[in-house]
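Visitor: Here are the chains, one letter per residue:
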Amino acid sequence: MDLKNMFQMKADRSSYMEDGQDGKLITDLDSHKLLKIWQGPQHPGVTGNMSLELTVNGDEIVESKTHVGYLHRGFEKLMERRKFIQCFPTCIRMCVAEPDPNEYILSACIENLSGIEVPEMAQWLRTLALEMARLQVLLRGVPGQAGTFALGLGYQWGNYIRDLILDRFEELTGGRVYHMYILPGGVRGLLPDGFKQRMEDNLKLVDEFLVNINDLMYNNSVFKKRAKGLAVIPVDWVDKYGVYGPAARAAGIMRDTRKTHPYLKYAELDFEPFTTTDSDVYARSVVRWNDLKMTVDLIRQIMAKMPDKGEIKAPTPNVMHWQIPKGETYMKCESSRGEYGMYMVTDGSEMPRRVNLKGPSYTHANALLDKLLVNANIADTAAIMVSLATCPPEIER
Amino acid sequence: MSLKDILTPFTAWKRVAKDPVTVKDPFNDRPGADRYRGFHKNDVDVCIGCGTCEEICENEAIDLVPYTDPKDGDSGLRPRVDYGRCCWCALCVDVCTTNSLVLSNEYTWIAVDPEEYRYTPGVDKKAWDDNEKGWKKPEGNYEFYNLKREDMEHLHPEDRSSSFVEMVKGYSKEQAQAEADRCVECGICVATCPAHMGIPEYIKAVRHDDMEEGLRVLYETNPLPEICGRICTHKCETVCSIGHKGDPLSIRWLKRYIADNVESEKYKEILNTVDLDNKDKKVAIIGSGPSGLSAAHYLSLMGYSCTIFEQYDKAGGMMRYGIPEYRLPYDSIDKDIDYILSLGVEIKYNTRIGKDITLDQLGKDFDAVFSGTGLHLGRGTGIDGSDNEHVYFSTDLLRQITAGDEIEVAEKIVVIGGGNVAMDITRSLARMQNKKYGKVDIIATSLEREENMPADREEVVEAREEGATVNPGWAPQSIEIKDGVPTGLNVVQCKSLFDDTGRFNPQCNMDNKRFFEGTMIVQSIGQGMDLTYVSEEFKKNLEFGPRGRVQTNQHLQTGVNWFFMGGDIIVGPDVIHGIADGHRAAIGIDNFIQGINFEPAK
Amino acid sequence: MIDLLKDIENRFQTFDTVHQQKRQAFTTVDKGRAIALVTWLKENSGFTTLTLLTAVDWIEDGVFQLTYLLNNPDKGFELGIRVMIDREEATMESSHHLWKNMMTYQRELKEMFGIDFPGSPRLNESFILEGWDDIPPYRRDFDTKEYSTTTYFPRPGRKTNDPTEYMKSKMYPNT
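Protein chains in written order, with the numbering used here: chain A, 1 to 397; chain B, 1001 to 1602; chain C, 2001 to 2175.
Warning: the hint list may mix true and false statements.
[As the list claims (entries may be wrong)] Interface residues of chain C toward chain B, partial, derived using beta-carbon atoms under 7 Å:
no., residue
1, ARG2158
2, THR2160
3, ASN2161
4, PRO2163
5, THR2164
6, TYR2166
7, MET2167
8, LYS2170
9, MET2171
Think of the hints as simulated: they come from the structure by calculation, not from any bench. All C-beta atoms in this analysis are idealised placements derived from N, C-alpha and C, irrespective of residue type, glycine included.
Based on the provided sequences and hints, a complete structural model is requested.
Guide: Written out as structure tokens, the structure is:
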């Protein structure tokens, strides 16, 4: 214990554990060298409701296990007892923060299995709704990263602008958080009058917000010191562990369903997702900041290119007794966290046989997080989780 | 660690000068948006209690609770919402068949008692009942079920105006399934149908392409599906819940689709009537119209041996002798009647009660007698000249056309009457005129104005397509006769038909006169019953009510306890009423013969 | 994609191939060859991403259908491999050596369906449910409605009427 060491805050390795025979550390709790800490389930340092069982040596994490299960509502089993139109309000609640991709992929699966073509206007409106959902999530997600390092200022700015976007959702769809707007066949309403003008006013606020966040976070010495080099994901882990979305793009691999498998109207829009190669927490945050900027641009493009009027719903069979012949399909879209997909199996009756939603957090929060947290400090766990944008409701549905 | 990175974050201080953003009074200053999905509102006068909202709610949050007494087209129930379970998805609003259920844009509700959160919108008054804004069903092409009916193909007027070939072509399989798909299975039609047929069940059988199940459902309450599938007055369709905002379901054509698609040879097997038990009791049935045939069918299923006495030489009653062939082809009648006869029913043609055998004799030979003789006599206007030999009753003419007898077909004909029978005779005579002269010249006139004509709208439209003239709103005054042959009908304009109390009291404008030319006049203003087979002695034991009708109890039993009556002579005039009466009488006869006592007619 | 499907049909005797979209197909393979096929696709055909592993309960046929959904990121192909396993003795070879995230899927299937994957790390730890002592809940013979009414206490006072029955009882009660 010398003065130099004290200020550099390096770990005292004299009491470190030995390596076991298979290369794994022996986490012998009786050796009095380790401590078990539970972070969560109700913890401001956890994104949502899940808990991390950390085994720490001093301040350094030696092993981590993720425990989920606090948000299991059994939606997939519930949907096996509901008709297809009744599944639609049920499935939207699977991911709380960004509900629109849930509606979209359920509708896309049903339309794919029954061969229904969605009209043009409805496709534009769906694209707009999905992008607005991404906007409101990123408005809290981007400054949220600084929030994990105790800089909560940006989060307050983002929260206010998100509230204004929720007002736009309320005008368009009738609900603020759970929109229930995209249903099998089309959407449930056209743009109200004056919507485009009000949206443009809000987008100007977001532009200003982006500049302010850039100043606040990315030209910030504390943020850089803490975030750079933290939780690096090597490139070969992207396929080995199943990394999607901004985390994969920060590692240098371009994974964006909007570009690789264009759906709805993305083929007609002009955008280029941002990639970088140092895949640490700082890079993932920069990727999200660029995503937010791209989303604003996409919304402006959509509102400019959208037709003025059109049909909002294609004719479907009578929803009270809609039977879909036997088949299965997998449809996917891009949420703000990564690739979001739904696998649906039907058996010819009025209810689906099996619905399995796959969110990106399923792999990010379980296998990947357990690996990334090793050798990190306790204070950094929140930062790592937010950088992966894990969302527990979609893990356990 | 550049200086820029240390100092730049402090630029956030510039926001200190900006105004804070707060809504001072969120409850009053911030109403819900125009489309916000708030609390429920229901217009209880428009709502019909069909229950589609209850069925579609995935949280089982809606119950149907009694509000008024049910009547035709309104079940008397109204939805009650439980806000402990509702998720405000507004699917109930989007599926509502009358668009009566909407959501207001109110979102705050504070109450101390949790039971208040289960309430019946519209019945329990709430503060947001006057809100204009809120979620309503979206405009445009947004429907959960198809509102438009599948069109039924008809023969073109040129093809059909000179032949008696059936003019309605029938549904194909795709059309029938598309039409059956529109049903929401609310069940309101069942109560309105006089026979209470299981309509949602057989529509479901069409959807699942299960003709055998459909046939079974039909025969539970209606042994004449081929006939009803063509000419029923479809009271069910008038109350169909889809009919409030769209076209009602074509329930009649779907019934015809099921009956058409099962071959007669398979009926006994499907309906499980290959072996019937025998109770060794006999029932006599007078008249082989719908009520008689229906009674014979159900009595045979119960094990009685039935004998039908029919005065003409073919069975069917007014169905055969009153409805022209282009609406109801004789093959269809035969298909239904042959099945009933195959159950072991004996039928004696050309046998008239009162002449060949008396009613009292029937009472001795049989254990019970059912009479369904119908309304075969025409009713006359009684105007001057109506006793001429060229002035006919429509019922007589239609019977003669069916029997194949020669009738007079004049070059110019005038028909008095505005009901379905008048349209039938008009269109039949138009066809015969076309065949004989190559042109049509027939005028149909009625007291009622066009919008009040009792005939079905399609009949009037099709009559005009076939070349007949329908000129309603005239009251006949007298028939001009010259050299023993009519020359035409004098009419005056009829201004109104019913007075303020609703009684029949025609008011005419005597200054507005017209003369319709015609050498043959047909009267089609009503039908009368023929009770000559009941002796005067017998009639002393019966009780008569208004319009000369015999009174019966709810089992259709008359004052003479073995004598039952039903059909047009009791109620109607409708094929489906006759069928329902036949079924009811069959149950009544069964109870009577088994000895279950019930009160005789009051 | 058609060439690929023909190729694996020859090599691994797949059957019941459904190729409904341009870049998505589903095919069935025998249980013994399933892991070999998945490994071959991963190593040789570029299907380097595992999308998901899930199970479908076909109770009337007495089988579970396991679906391995693999994704080829370069060409954008999506291939679903169906494996039918017996419902009573539900086990399958573990493939956690191929992808690291496979063990999470296998853990969930063990808990929710009761399908065993011997050798998978942390297999018997509870993933979603805690203290569950009933049959695995995603199986079709588990009745969620009955579980819900017996375990929880719904608020009393709900009674509904069917329009047809109600109209019958009031308008024509004698028949």
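Visitor: A separate judgement is required for each hint: does it hold in the structure or not?
Guide: Results of checking the hints against the structure:
1. Interface hint at ARG2158(C): satisfied, since its Cβ lies 6 Å from the closest Cβ of chain B, which is below the 7 Å cut-off.
2. For THR2160(C), the shortest C-beta to C-beta distance to chain B is roughly 4 Å, which falls under 7 Å, so the interface hint holds.
3. For the restraint placing ASN2161(C) at the interface with chain B, the shortest Cβ-Cβ distance is roughly 5 Å, inside the 7 Å limit, so the hint holds.
4. Interface hint status for PRO2163(C): upheld, as the beta-carbon distance to the closest one in chain B is roughly 4 Å, under 7 Å.
5. At a threshold of 7 Å, the smallest CB-CB gap from THR2164(C) to chain B is about 3 Å, leaving the interface hint in force.
6. A hinted interface residue such as TYR2166(C) counts as satisfied when its beta carbon comes closer than 7 Å to some beta carbon of chain B; here the least separation is about 6 Å, so the hint holds.
7. Residue-level restraint check for MET2167(C) holds (minimum Cβ-Cβ distance to chain B is 4 Å; threshold 7 Å).
8. Because the beta carbon of LYS2170(C) sits about 5 Å from the nearest beta carbon in chain B, less than 7 Å, this interface hint is met.
9. Contact between MET2171(C) and chain B, as hinted, is supported at the beta carbon level, the nearest pair being about 5 Å apart and thus within 7 Å.
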